[in-house]
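Chemist: Chains as they are written, first to last, in this note's numbering: chain A, 4 to 652; chain B, 4 to 652.
Any given hint could be a false lead.
Because identical chains cannot be distinguished in the list, a pair is counted as satisfied if it fits within a single copy or across any two copies.
[Stated by the list, open to error] Each computed DSSO-like pair below joins lysine-lysine, with the alpha-carbon atoms no more than 30 Å apart:
#, residue 1, residue 2
1, K50, K344
2, K179, K50
3, K255, K233
4, K162, K344
5, K255, K110
6, K294, K400
7, K454, K603
8, K11, K322
9, K454, K608
10, K89, K26
11, K26, K11
12, K367, K11
13, K111, K329
14, K551, K255
15, K255, K111
16, K367, K525
17, K26, K454
18, K294, K551
19, K300, K86
20, K345, K110
21, K179, K26
22, K26, K66
23, K111, K517
If you are wondering where the hints come from, they were derived from the structure by calculation, not from laboratory data.
Number of protein chains: 2
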Amino acid sequence: MAITPGRKRVIISNILPTVDCGKFPAKIVIDQPFTISADIFTDGIDKISARVLIRHSGQKLWKELELQLRDNDRWYATFTPDKLGKYSYQVIAWINHYTTWQDGIRKKYAAGQDILVDLKAGLAIGEDALTRAAGKDKNTIQKWLQQLEAVTESETGMKLTEDETMNGLFCKYRNKIATTIHPQTFELIVDPPKAVFSAWYELFPRSAAADPSKHGTFNDVCNLLPTIAKMGFDVLYLPPIHPIGLTNRKGKNNSLIAAETDPGSPWAIGAAAGGHKDIHPQLGNLKDFKKLVTAAKKQGIDIALDIAFQCSPDHPYVKQHPEWFKWRADGSIQFAENPPKKYEDILPFNFESEAFESLWDELKSIIQYWADNGVNIFRVDNPHTKAIPFWEWAIDKLKAEYPQLIFLAEAFTRPRIMEHLAKVGFTQSYTYFAWRNTRRELEEYITELTKTDLQYYFRPNFWPNTPDILTEELVHGGVNAHIARVILAGTLSSSYGIYGPVYDLNVNEPRPGKEEYNDNEKYEIKHWDWNSYTKTREIISRLNRIRKENPALHTTNNIEFATTDNDQIICYIKADDSRQNIIIVVVNLDPYNTQTGNIKLPLYKVGISYDKPFAVHDLLSGDKYEWNEWNFVSLNPHDIPAHVLKVIQ
Amino acid sequence: MAITPGRKRVIISNILPTVDCGKFPAKIVIDQPFTISADIFTDGIDKISARVLIRHSGQKLWKELELQLRDNDRWYATFTPDKLGKYSYQVIAWINHYTTWQDGIRKKYAAGQDILVDLKAGLAIGEDALTRAAGKDKNTIQKWLQQLEAVTESETGMKLTEDETMNGLFCKYRNKIATTIHPQTFELIVDPPKAVFSAWYELFPRSAAADPSKHGTFNDVCNLLPTIAKMGFDVLYLPPIHPIGLTNRKGKNNSLIAAETDPGSPWAIGAAAGGHKDIHPQLGNLKDFKKLVTAAKKQGIDIALDIAFQCSPDHPYVKQHPEWFKWRADGSIQFAENPPKKYEDILPFNFESEAFESLWDELKSIIQYWADNGVNIFRVDNPHTKAIPFWEWAIDKLKAEYPQLIFLAEAFTRPRIMEHLAKVGFTQSYTYFAWRNTRRELEEYITELTKTDLQYYFRPNFWPNTPDILTEELVHGGVNAHIARVILAGTLSSSYGIYGPVYDLNVNEPRPGKEEYNDNEKYEIKHWDWNSYTKTREIISRLNRIRKENPALHTTNNIEFATTDNDQIICYIKADDSRQNIIIVVVNLDPYNTQTGNIKLPLYKVGISYDKPFAVHDLLSGDKYEWNEWNFVSLNPHDIPAHVLKVIQ
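This is chain A alone, in the form it adopts within the complex (with noise of 0.2 Å):
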């Protein structure tokens, strides 16, 4: 049988995963298997072969995986990548005529039938390896032709037809003319595991210092450590630490005049001490901050800075590159605005600007100057409102040097835009979490972020509030909503977040009308107890260490809501690949009241049988029950309005 030259019978489709089409890489993290497939199929009923080639960008060689075939003819093959950075893959297939012969032979004898002249079709398939075949293969086939050439009778051809190790050589030998190749090369970005599995803790460093009198630094922040680690967060995010404008600072409670004593927003960046790759004085200096970045280190904490690409009316950048600004008709430079509305102390870049290769240059060189500097992890202001070419540029380029960089997005924004950036390079994103409350949402908006095509390339990073957010779930549940809050971020979502110590203190009294903290930390120096026992921070302590002690916590898309017959009452499974480790969450919605429910679980979905209880033992309580398909719960608020339980197998 001649193989056709030109043609190539077998079809490959819809290969995962894959972002845009391709035109985005898809999102994997360092040691952990990750699973890609394909539907594969050919006209008729002959056999295919499949085969996933994959490397990182350093290597030259492909490496071969085996695709293998599970239904609906879809093939998957899984790998582990153990370097960081880029990897590129590919799916070729091609009809095995070996293994269609052996089948159809098999088929053939089993049924009674004659299989003589079929197990001499073999001869052609043999031959036609031969011609390609090299060294010491050439023999392996050519005895194993000479053996099917001799075969007289259907015994001796049949065990023939069960020598596995001709597929091999086969497979090896295949014709290159005859095998499809799915025309594109995939990417895939390698990130470390804190870009998927994260905690963490966002402080202002001016209110750390145990001094009410003084203003915070970096060696305040330090003594805060054990206390953070203690807590069990991972990552420690600083809002900006560079130099603060004069003109137009904002006052308590975002006043268009500061007095004197007003420290600034630490968002308008730059003064007479410096820009973005400067620090703010009464912070310390760059030692100290390295002193800091080491110290955490040690603690298993990661530091996070804040990449706010803004400048205040003083930043250096004004006088020496006028051209990276937006000037006015009047000769005057332009604010940030929003109309009606006027933001007087922030510059933005103007990224229309004919400059914009240096503006381009020096934005990724502040990044770089930082990831010098010991830091991985990067919470990037508002990107949104920068060219967002700009983030596919400077991303690829820092992380194609730097590839264990983070960057968390804080784009609240429309969902296009939120998703576009997550595509072009961010790690991490911030979602509508905070406002997603009942348990409808929180259902809908989950499914949405863990079961459509989401998953490959965005990864959620869960916040119940921020410097600039504080719900009115938040105000009114007081200590019963913030505790239920945070258990629902940190078992949702494998990276979550709270700005403190205003959340772990419970802290929610709003502005007036707004959906903002009263006194904002943004425009005024805090002194907060940072050693007192809460039960917000009892509740924050169990769930982080619960989180690092069960694997299925550690990623986001393995969730499965229960069935419950109460609104107020959400449920929900997680389960790790091996469904050694799996979760179950209930959570009581209402801060105020009891909920008691009835809980269906999706049992089928984890490969729990049906047919005999099993026992569960809640992590946050210590407590233990036998659990069923059908399960009754009663959540008090003002006990602990959650279980985290345990599967015990």
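Please arrange chain B on chain A, whose structure you already have, making use of the hints.
Modeler: Coordinates of chain B only, in the frame set by chain A:
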């Protein structure tokens, strides 16, 4: 403000309709408006303008359609193609600095802010456009600039911002450097109306004789045309009309040995009298056939031929082109087989032949031959057992020359293969409809067909029976089931078909143990009562008339299911784009008993108000009712098992 070269701030994403990332064309219908849409967005708050460029493959110039923003950053344009064949389209977008300027000024003015400086920013916009403007447009822009220059107070300036003609000019002379052009050009196939809206009737011409002792002829079929037209069908599909082989001819009920008088299966094509371009001598000659085609056309009926690319052992090709077939190791020719099953009256072609190019050319020429003889519709037998790349090439080439051709894929196989055949060019496809009988099965299946990507390229054709398929539901449910199933077929899908006259005569005796008709017409000549009046024929006539008169039934994707409290009752609404024509269908799926139930209509989905009742007219029975959001129904399958209600507006 200078426009930067090199970087385009606007992002264009998720353009629809597309199939497999633009790899295959989407399917639309001539003279039917269809929608192009895309996600289009940018950073910050600037305003965007966007266009679709579209042209027919025979045109040089692109036509520009304006895309309009609806919500969630999705933009829409509507286009009505007026030519059959292939269209291409592209999407472009850019920051519209003029509308941005207008918008900002209006907001500031409304807030009582001073706008003089902002007004002057318009000068840079005009000057930039001037660098590209030509002819009279230059003068218009210059005049506008002079007026703007002269502005000294807000009121006059505001009037200049209201000039909408300037927007048209600034769009016309947009800066190409700052315009985002989505890199892909997408294709669309424009088909004739019957591609999406057709009612098929299948009969065996050899059974068409009025005289029971005779073999039917094309002339006999001519005499049946008025009956078929009266029933309301517009496609008459004939099994293969070619000479039938003698060697290994199948006898009655698929027996291995044929009696002398057995006519054989029409799908065993080829004998001394000729092959695929010849006519079975007992059916008539080419002149008779062309006469049938013309007569049918006069009755609004298209003749559809069966394309079965396989040969009996007696086919002239076997001797003329042995290289087109597979040969066994003992020198004998390879029959069709699916081990251990053998089909010894059929030889498959060898698509892996080194002579595949001549094979492809010949097969394509067969279709072309019949197209040249007036046939526009082809039902293709088992396309999934022939190399799929062949169909992709052949259909593309044939439709380039004969854009009116319609190809129906008879591929009862696995889903991915059925979908792929549709992608590569098959106009319509048989489906799993025959095996979707319960309410849940129907709702899930039709939702998959109409609410996923399949809606852009897969056109279902619903057949409750075929010569190969007689389901248990039709066997046990008798007349009542025949009626319910044809109503379902013809209202769920805008294209449907029945194999008659077994269907309309309610013939339903199965071969023991098989899902097939006993004494199957595939293996013997029948003599039917073409003129008897049956309830099924009556209902079919009403159904086809209703379909013709109600545009809501002319497409398939516009379906919304209602909620019912009885699983034996299925209810769905079909509305045309304008929502002037709304049809509510209710079917009792129980062929034995009256069923009653309550239906909740999703009125909001078709724009019917909730607050008052509306009149409906049952087009099947003539009855009139007053309906609401909630309705009680009672359907007796021994009467008419369905309502087909037209909403009176």
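Chemist: Evaluate each hint against the coordinates.
Modeler: Hint-by-hint comparison with the structure:
1. K50 to K344: For K50 and K344, the Cα distance is within 30 Å only across copies (17 Å; inside one copy 66 Å).
2. K179 to K50: Answer is within; shortest intra-copy Cα gap is 17 Å, inter-copy 51 Å.
3. K255 to K233: neither (32 Å within a copy, 84 Å between copies)
4. K162 to K344: between (83 Å within a copy, 23 Å between copies)
5. K255 to K110: For K255 and K110, the Cα distance is within 30 Å only across copies (28 Å; inside one copy 83 Å).
6. K294 to K400: For K294 and K400, the Cα distance is within 30 Å only inside one copy (27 Å; across copies 71 Å).
7. K454 to K603: Cα proximity of K454 and K603: in one copy and across copies (21 Å, 29 Å).
8. K11 to K322: between (64 Å within a copy, 27 Å between copies)
9. K454 to K608: both (14 Å within a copy, 25 Å between copies)
10. K89 to K26: Intra 14 Å, inter 26 Å, cutoff 30 Å: intra and inter.
11. K26 to K11: both (25 Å within a copy, 17 Å between copies)
12. K367 to K11: between (46 Å within a copy, 19 Å between copies)
13. K111 to K329: between (79 Å within a copy, 18 Å between copies)
14. K551 to K255: neither (39 Å within a copy, 72 Å between copies)
15. K255 to K111: between (87 Å within a copy, 26 Å between copies)
16. K367 to K525: within (26 Å within a copy, 74 Å between copies)
17. K26 to K454: The answer is both: 20 Å in one copy and 25 Å across copies each meet 30 Å.
18. K294 to K551: So K294 and K551 pass the 30 Å test inside one copy only (26 Å; across, 80 Å).
19. K300 to K86: within (21 Å within a copy, 67 Å between copies)
20. K345 to K110: Answer is between; shortest inter-copy Cα gap is 12 Å, intra-copy 78 Å.
21. K179 to K26: Both. Shortest intra-copy (27 Å) and inter-copy (23 Å) distances satisfy the 30 Å Cα cut-off.
22. K26 to K66: both (23 Å within a copy, 27 Å between copies)
23. K111 to K517: between (78 Å within a copy, 23 Å between copies)
Checked against the numbered hints given earlier, this structure breaks hints 3 and 14; the rest are met.
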